[in-house]
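Residue numbers (full-length UniProt numbering), protein chains in the order written: chain W, 1 to 517; chain X, 1 to 451.
Treat the hints with care, as some may be off.
[Said to hold, decoys possible] The calculated lysine to any residue pairs, modelled on SDA-like cross-linking and capped at a C-alpha distance of 25 Å, are:
id: 1; chain 1: W; residue 1: Lys-512; chain 2: X; residue 2: Phe-288
id: 2; chain 1: W; residue 1: Lys-63; chain 2: X; residue 2: Ser-377
id: 3; chain 1: W; residue 1: Lys-115; chain 2: X; residue 2: Ser-85
id: 4; chain 1: X; residue 1: Lys-393; chain 2: W; residue 2: Thr-131
id: 5; chain 1: W; residue 1: Lys-512; chain 2: X; residue 2: Glu-304
Calculated from the structure, these hints are not laboratory results.
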Amino acid sequence: MNAPNASGWRPEMGEAGAILPATVSGDHGLNLEEKLIFELAAPGTYGVDFDDADVAPAPALGKFLRKAAPALPGLTEPEVVRHYTRLSRQNYAIDLGPFPLGSCTMKHNPRLNEKVARMAGFADVHPLQPTQTVQGALKVITQLADWLMALTGMPAVAMTPKAGAHGELCGLLCIRAALTARGEERPVVLVPESAHGTNPATAAFAGFRVENIPATEDGRVDVAALTARLGPDIAGVMITNPNTCGLFERDLKTISDAVHAAGGYVYCDGANFNAIVGKVRPGDLGVDAMHINLHKTFSTPHGGGGPGSGPVVLSAALAPFAPLPFATLDADGVAHLVEEGDAHDHGHPNSFGRMTAFHGQMGMFTRALTYILSHGADGLRQVSEDAVLNANYILRELEDVLDAPFAAYGPCMHEALFSDNGMAEGFSTLDIAKGLIDEGFHPMTVYFPLVVHGAMLVEPTETESKAGTDRLIASLRSLAERGRAGDVTLKSAPHYTPRRRVDETLAARKPKLVWKD
Amino acid sequence: MRYLPLTPADRATMLARIGVDNIDALFCDVPAEALQAGPIAGLPAHASEMAVERHMGRLAGENLSAGAAPFFLGAGAYKHHIPASVDHLIQRGEFLTAYTPYQPEIAQGTLQVLFEFQTQVARLLGTDIANASLYDGSTACWEAIAMAHRVTKRKKSILTGGLHPHYVATAQTMARFTDDVLVAQAPVLSGDAEDGAIIAAIDGETSAVVVQYPDILGRIPDLAAIAAAAQAHGALLIAVVTEPVALGLLEAPGALGADIVVGEGQSLGVGLQFGGPYLGLFGCREKFLRQIPGRLCGETLDAEGRRSFVLTLSTREQHIRREKATSNICTNSGLCALAFSIHMSLLGGAGLERLARINHGKAQALAAAVATVPGVSVLNDAYFNEFTVILPKDAREVVDALAERDILGGVPLGRLYAETPALANGLLLTATECTSDEDIAALVAALKEVL
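Pulled out of the complex, with its shape left as it was, chain W reads as follows:
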């Protein structure tokens, strides 16, 4: 055990910090302990100065005046700035280093996008202003829509879905509405085993019954099993392409033709569109609907979990059912917002309705359009080529130390898939992931897709340099060697973090979701 390895890791690099003295503050230099705002605040304090405005002496609130102010802690501005700055330093972020997260795609977030999104003409306009006062905002929507249609080879796009999963819902509701218009009841949607969990959840939310389709040995949809199941009860299929094993579904056109011949529709989960943008148009492969996660392909920031944005491109068959509202540009260059009142007049009488209050994630549209214009058609093509190149480079550099179950079945696309096969007894993917944190990287996607035991999905993206990718490879190689050798220090990783392994079971067994005095 604990033998030195080829990457330079030595046994004495194991457990750290065992003899550190305690401090009264809990702080260790820049290793910060931050109290909750509820523990920092003094009653009645606040950090906003108000104008000495008239405050009406007699409120016109009926009988509903509250008896006491809400029990919320207030802090002064310097306390707030320190609290959140200190908290921010306990986060890993793409500005600090790579997130090699397969199927989640974390790439550099250009600050020009942020600057543009904050222009008053975009950030400070109301969704219900008269349309003649928001022509520029509406043109942002139509320009972005035009790019999305051209890049996907699809004739229509619904811009309002507020995230990828909301986009899936939009696509399936279009399918439901199209079937209803045809007078058909088709209760079943087919979903491959390797699909994102959102796919079956969305199909169920849209009122369909979900049936699984198995994967083949080479990590793709089993075409024979899928076509055998087609019939008059099948509304459609949901396929991810490139798929969650990192591979291109080379039979997608064949599948689409078979599904269409059987009267169904093809939904494509476009989460991994970043690997083919500018190279492949999903419309050419027979797709009827596909959502595009703007943060994944077009670099809008992830923000610690959101907000997202999930426009959905649609085939001619599904376009008539797209949701309201939507923006159009008339021949004379005037932008128009089509809502419930004038959908008929604009030739869109069959919309399935509205799926959110306003026009979608405008703040994400401005960022995505800025990014698209910066790259242009040539740059976007380079984006997908570099992303695919980086992923295949990682696959080739690591396949001798990490099991790569699909490496023999063709190049990977945006992400390289490995498994924990070959690790010492008791060592798993989780140990590699937590060890990667100590190496200064965010862990890769772990235990997904479910079709591979102990899966590790590594996606570098196009914004990593060769030198940076080589550092990631060196770290993964070292960790693989330690996992194979059964290095016990890996079991207690991470060591160099604000918190050691966090007890997730306790949190679920005794849920504590709010702070109490």
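For chain W, the structure is supplied; the task is to place chain X on it using the hints.
Relative to the frame of chain W, chain X by itself:
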């Protein structure tokens, strides 16, 4: 190509290491007829930072921003002052560019913010617990109806006439696909909310009653009475708050008996943004814990016994339960929740109350001023910062005429209720702390000209 670090030499080295001659060899699984030979036709090539900024600046310049004109719009999106420190802090790269906090050891910053946010939201709404946010108020409203269906095993929900019509439309869209039955009442311009009619409609089949507080016309419904009536029939009361600043002065819906309280959090820290991203608030009674949609952050301990935070109860979620999940949502409005939480930390309860008093005072001044315009009458007796006025002619025409004078003069009810002619002359007016006496004077003068 300033975002792409690989050099041509890097690419050649890497292709050689992989063992292929050219990049298209890596796209060999794409059918040849589907692979584009060059960049996709009809789209322009890349542009410099300066050129892109100029283009986007021109588009931004085609909009009349709320801060550049007397501004009186509300109806679910509100213009409030955002302290400079809010935007500064959310732009810190460690927040802005962080991933979903699935690796808690290196995401305690985001996780602690979410735990604080959940506590702030629960206290503001008067509920036991709250989640870590949803997309926006309208989708949160549907999620509440769907949750009431799961809790009560009943499918019929009553949507009151005062509920935002876009929230009604969103719920109706979803209900068509889930076999829920929504009884959507029509809005009426008859003084204060018709709480009696709502109560009379509740029966033993009712899953939930959905009441907006204050409602779309600015009226303040009697939540306690409706809650009692709903609960007497085994139904839930869902309260919808589109203007959380109102809760600085109005009793919290949870304290008045609401079982689920949802809201739009845009007012605090988020900004107008032409409709999104916004922030869905969701709080409820603790007994519904395992039926909540969306993400939850919980307190726990790390291996050394220190207080830590982690995403929890994921057995409700789509990545575990797949088609049996409580919702298909797999994200939240994380950055908007952060902005809300920072703004709320700056305000505290005392600051929120002060802000609410100023809002209400401005609205009273606005109501008194427009009531002096010949032909204009104020509908509401009680209101917070928005109210409805009845004009002598179609309000859409009036608002367009005001826009020609660079005044953004409220939301015409005809825009929200295109198919209800009886509401065409109604205009929803809103005032906030941003509304000046000069703005009010300008509106009154312009109304006198255009009416």
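Verification of the supplied hints:
Of the supplied pair hints, the one linking Lys-512 of chain W and Phe-288 of chain X holds, its CA atoms being roughly 14 Å apart against a limit of 25 Å. Proposed proximity of Lys-63 of chain W and Ser-377 of chain X is supported: the alpha carbons are some 23 Å apart, at most 25 Å. For the proposed pair Lys-115 of chain W and Ser-85 of chain X, the alpha carbon gap of about 16 Å is at most 25 Å, so the pair holds. For a cut-off of 25 Å, the pair hint linking Lys-393 of chain X to Thr-131 of chain W stands: about 20 Å separates their Cα positions.
Taking the CA atoms of Lys-512 of chain W and Glu-304 of chain X, the gap is about 19 Å. The hint holds against a cut of 25 Å.
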